[in-house]
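Asks: With these hints in hand, go ahead and build the complete structure from the sequences.
In case you want the letters, here they are:
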Amino acid sequence: MRSSNLILFAFSLALITLSSCNDEEPTTTSSYTVPAIYAFQNVDYSGQTQRLNHLEEMMTYVEDGIESKTPLNAQTLKYMFENKDQNGGGMFSFSSSKMLSDKCFAPHISKIEDYFNRIESISDSQTIASNGVAGYSETVSGSVRLYDENGMELSEFIEKGIMGAVFYYQATGVYLETEKMNADNENVIEGEGTAMQHHWDEAYGYLGVGLRFPQKVDDARYWGVYCNRRNDLLGSNEALSEAFRRGRAAINVGLLEDRDAAISDVRTQWELVAAATIIHYLNEAIDNIGDDHIRNHVLSEGYVFIEGLFYNPEKIISNTEIDEILAKIGTNFYEVNTQDLQSARDQISTIYGLDNIKSAF
Amino acid sequence: MMFRSALFFILGSAMLVASSGCTDNTPDQPSGSTFEREDMLRETAQNVIIPAYSSFKADLGQLSSDFAQFESSPSQSNFEVLRNSFLQAYQSWQPCSPIEIGPAAEQSLRFSVNTFPLDTAQVNSNLSTGWDNLYSAQNNDAKGLPALDYLLFISDDFNLFTQDSRIQYFKDNLDLVTEKLDIVYNAWNNGYAEEFAVNSGTDVGSSLGLMVNELNFDFELIKNAKVAIPLGLKTLGVAQPETVEALYSDASKDLLIQNLKGVKNLFVAGEGTGIDDYLDNLGAKYGSENLSNAIIARFESCEAKAASLGPSLKSQIENKPSEVEALHSELQNLVVLLKTDMPSQLGVQITYQDNDGD
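Protein chains in written order, with the working numbering: chain A, 12 to 372; chain B, -14 to 343.
If you're looking for bench data, these hints aren't it; they were derived computationally from the structure.
Taking lysine-lysine pairs in the DSS-like style, the calculated list, with each CA pair at most 30 Å apart, reads:
# : chain 1 : residue 1 : chain 2 : residue 2
1 : A       : Lys191    : B       : Lys299
2 : A       : Lys109    : B       : Lys208
3 : B       : Lys42     : B       : Lys299
Model, not experiment: these values are computed from the prediction.
Replies: Take a look at the structure:
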């Protein structure tokens, strides 16, 4: 109640001030149209693309190592994460001033680095992975994965961990937050637009889709891939990208209330993609409960996606619920049971209103 | 969260509309004829800026001689003397922090002297494998006073400080800070003070413009780097108490207070004619009271809130963050006056943006 009074006060303040400048024509706000794709002037999210490329090359290093059972090096991963010498300590195929580490949710940097240490420490294992034993797991079809003694696949923890702590956090928790959104929206920098437009585009860049999304989906990466995978059931491609386009269009004409509505929609739609993806992985785990190789893999993905829900400042789920769901899964993926996984899945589907389609993901 | 940002946005846009709608009507020098900005600048330089640098310089000199004393006869008691004079110098740095103008800006003084939190991994790697150049990018956050803080306070036993290359690292960092400060100090005493005074416009690049910008920038550093980040306000509520200033000596609280006093002193020009008097001359009001008084009152309230915290900012954040949150709110309230009301009354533009890169 008090807050709404404040808002009214702010409005009347604006009115009073406006009327005191009566020799000025009042600025007319034009309406705007939301384009079907991200077709705006002065869009540049190359910094985000470079970071996506960093993660991609990190994961190539990790996956190639696992595929060939070659020991991995934590320092190498750290250099790539920090983009040492602007080329990931010599590991990147391209040079860039950007880095993943300085955009990572700061309190969780040590957690990510701990994944690097843990994957190094188990990657020279000569034993086959099993409950209590870290090692490689290989199927007849040639799929090789590396699990720790609890069945956690650290390569997934690294990849999805960074998708959460950098991409999702930066987009929903930083670029769309008050501080970045209070930026200047008048001074246009060629190629980048205003500071506010640029921040908005940077948030979009972390989604990992191109300018022609959702018409063009085959170049989607990271979150873009998951958005596209959930599209059949959620209509997420249009829902999420429309919110981004609508917000950018509103910024272009200075309609900041519309922009704020779009911020909420981006956050909600993005979170729904994450939630539906978690349900998908939990379903996979339930369906493959007796297959260590598959179950541990999908649970690893699902587990880190659940942790990642945390980073959205306007999230639907609460921190307590996140902890409850993680506790249902537990920290030994060899010892999970169908009932607990179903309970974890059902809690999520209820929170997000996806009960009626929870089995379809 | 969202509601708050909506509120900020509305307030913000109300102000934006207000300022953009009226700029054309505002004379360049509103009733400035009866007020000599040049005198204000001259007094600010003489009463605040040069004394701040002088006293930091003197304390660095003391630190240096206490260090020499320790080096020639290492003992626990000489170590304690050295520690104390370091803390004194760290305190007297604080009022220099907001003066990142002219020579200090050219030297990136604040950045060289007090970038924190310290990258201890980098410091330790320097200590074990050596360092060529403290100015290289990898040492950006491994140098200056935070490095000295680490070397002197990581252990209470003076023996550790004498080991490896710690003495040399201390010396190199103290030299770096001293050299930088000397350049800035000499420039102010050899002509820049006058240059500062006669650059008396209100446009971008004028002394008043620079001072208002840097005063704000430094105040926002207090709010963000010294309070909000350790509190976890930038990290979805996850506190990071280890990011406080002066983590090892645990002197964060006192430094914060000295910094606040320093910013306020720059605003009032000590006993002289300052921005506060200029605002009064312009008839700047905040509600029914003078804007200058409103600003000073909030400075005092920020100081009082900071003073009421326990001796260790870090433990306070860990154990009783609500009081630090109250300090943050008060800092936030003052930002509005300093960054919006004051510049618009002065006809000065805030030109800095947070540029943490993309």
